[in-house]
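Student: Heads up: the protein sequence lines correspond to chains A and B, in order. In terms of our numbering, the first sequence is residues 26 to 380. In terms of our numbering, the second sequence is residues 3 to 295.
Keep in mind the hints are simulated off the structure, nothing from the lab. Check before you lean on any hint, since a few could be wrong.
To be verified - Lysine-lysine pairs mimicking DSSO-like chemistry, simulated, CA-CA at most 27 Å apart:
1) B/K190 x A/K357
2) B/K259 x A/K184
3) B/K259 x A/K201
4) A/K368 x A/K357
What the hints assert, rightly or not - Label pairs and their computed distance ranges (CB to CB):
5) A/S290 x B/F161: 35 to 45 Å
6) B/I152 x A/N177: 56 to 66 Å
7) B/F161 x A/V37: 18 to 28 Å
8) A/R370 x B/S182: 27 to 37 Å
9) A/L224 x B/L6: 51 to 61 Å
10) A/I369 x B/V83: 23 to 33 Å
11) B/R34 x A/P143: 22 to 32 Å
12) A/S60 x B/M224: 26 to 36 Å
13) A/T187 x B/L172: 51 to 61 Å
14) A/I369 x B/L58: 47 to 57 Å
15) B/N118 x A/F227: 41 to 51 Å
16) B/L6 x A/K184: 42 to 52 Å
From the three backbone atoms N, C-alpha and C, an ideal C-beta is built for every residue, glycine too.
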Amino acid sequence: MTKKKIRIQNAVTYGMVLIFWAVVEIMDRTGNLSSLLKGLLVPLCMYAILAVSLNLTVGILGELSLGHAGFMCLGAFSGAFLTNCLEGAVPSVGVRFFLALLLGALVAGVFGLLIGIPVLRLKGDYLAIVTLAFGEIIKNLINVLYVGYDANGFHFSMKDTTSLGLDKETGVILIKGAQGITGTPRAATFTIGILLLLLTLFIVLNLINSRTGRAVMSIRDNRIAAESVGINVTKYKLMAFSISAALAGMAGVLYAHSLSTLQASSNNFGYNKSILILVFVVLGGLGNMRGSIIAAVLLTALPEMLRGLNDYRMLIYAIVLIVMTIFNSSPKAIELRSVVMDKIRHKKTEKKEAA
Amino acid sequence: MGFLSYFISGVSLGAVYAIIALGYTMVYGIARMLNFAHGDVIMVGGFVIFTIVSTLGMPPFVGIVTAVAACTVLGVTIERVAYRPLREASSLAVLITAIGVSYLLQNIALLVFGSNSRQFTPIVTLPNLVLAGGKLTISSTTIVTIITCIVIMIALTLFINKTRMGQAMLAVSEDRGAASLMGIDVNKTIAVTFAIGSALAAIAGALLCSAYPSLTPYTGSMPGIKAFTAAVFGGIGSVPGALIGGIVLGIIENLSKAYISSQLSDAIVFAVLILVLLIRPTGILGRKINEKV
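Let's have the full structure, built from the sequences with the hints guiding it.
Tutor: Printed below as a string of structure tokens:
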């Protein structure tokens, strides 16, 4: 693709997000938005960010990661922790939220780097299971982590709140094991979510179309060839992996600030969450950021839209998932589609000729 | 004696993991795909036995035979409908349909049986074994589980090495194209693999639910993931690897539950997996794949 074409493509992606924002805002102002949809808006942004960031690892770097929810978990907890810590020192919720976003992204990014160094040596399905394992380890460790502070500073424990040994008068418990963090201000709004999504897109799209991005893609296409032309494989792999992790961390902070209680439960940050995000990426198209966003929005909204069907909604979701994948990827379906498309095109040209 | 009893129940848990891991490892070796729905086939097996034994009041033996038959049919059907159309597609696409099938099975079970946990009647009704003057009690379920695992391992090894079908499986896992040129029906071989894997899943379901007798639509998913971990641990694609991986994992899980922390046992299991893979990137018995330029 020429530079001009890339620019147009990227502009379409940004435009799509902005139009989505404008439509939702107009609907909200005119009172056409149901409370159900309102509750969905921040998660939609979060899933879109997660899908775009995971697409960087799976689609651009070409490594299958099933631990994305772990990075999100790290970001969520470090962000919420900071926001609650600074409650006395920084009165403005906005400033604390901003600092939390930075810290969440930083912590997740650093962990991405640390985990990436050993893990990226593995390939394919082995990498998948190890990233899954890391995600579960992070979730389990946070589940037994107790942190509090008093006049003497911070106290950590892996057992329970009493073993923190906090001063009775000044002690405040911040992280309460499986009960998580409570009382985080719900500062996340739809507009902030969209801004973060745009930021994510800006980072990822610019990375893809840079020298670095081309180096990363060359590793995906042929590692040995890339190495033999002097590309530092480890460096670029780690770079892409940790940027992807940092963005997931940011999405986690957004998530933490949309809940009053944050828990590291399996529902929130288990491997099923990572798989869910992977589903968005694969159905949206590997390496296609716009597709990831569309898939994330549609597949998050679908079960909610089907709420009227109650018990059947997840069943329908599962069937849609299977049918869509077969229709998208099966060689026979692809052939069938091209035959149908050819016929349609044929008719069009016939009509033109007749006219 | 405490240590010994934890150790033995760890071996028993590991034996269940090993039986499940066989399903993963055979399917992976032959069809090159991660069958994420395998764990949910275990759950289906559990519910079939539950319905027949607890609801209809039939003897456990009938329950197990029906569950094995039902899961075999289920496994072959899943393969035919959801995986075969994607045989030539990217491995990620098959992974996604496998996830879809997993959701589907869970939600069907949710519709039929509800989300409340069901009390599973253990299928083994033999008396427990009491050793060392009452200091060490080994439950009969534990013994039956370990014996079943050994029998299955021997039978499967014989099947793979001594029968035409087993040899066909080896050939397909070695090189699918060359095998089909030699006149092996690849689709049939893969279907048989799924049938065996799913039948084993039904047996694993019976043993798992006898040891941990609460049954929900999500019962199979975590043991499924652990068994998959065990398969990778032992070297995915290798039958003895699945046995070693499963047993080691079960022992580590039970000992860390007993001596370190019950909440952290999963984390410890996964940490050991990571360590092993960092030292031996293709698992304990995995074959090294040389990269050709």
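Student: May I ask which of the numbered hints given earlier this structure violates, with the numbers listed in increasing order?
Tutor: 7, 16
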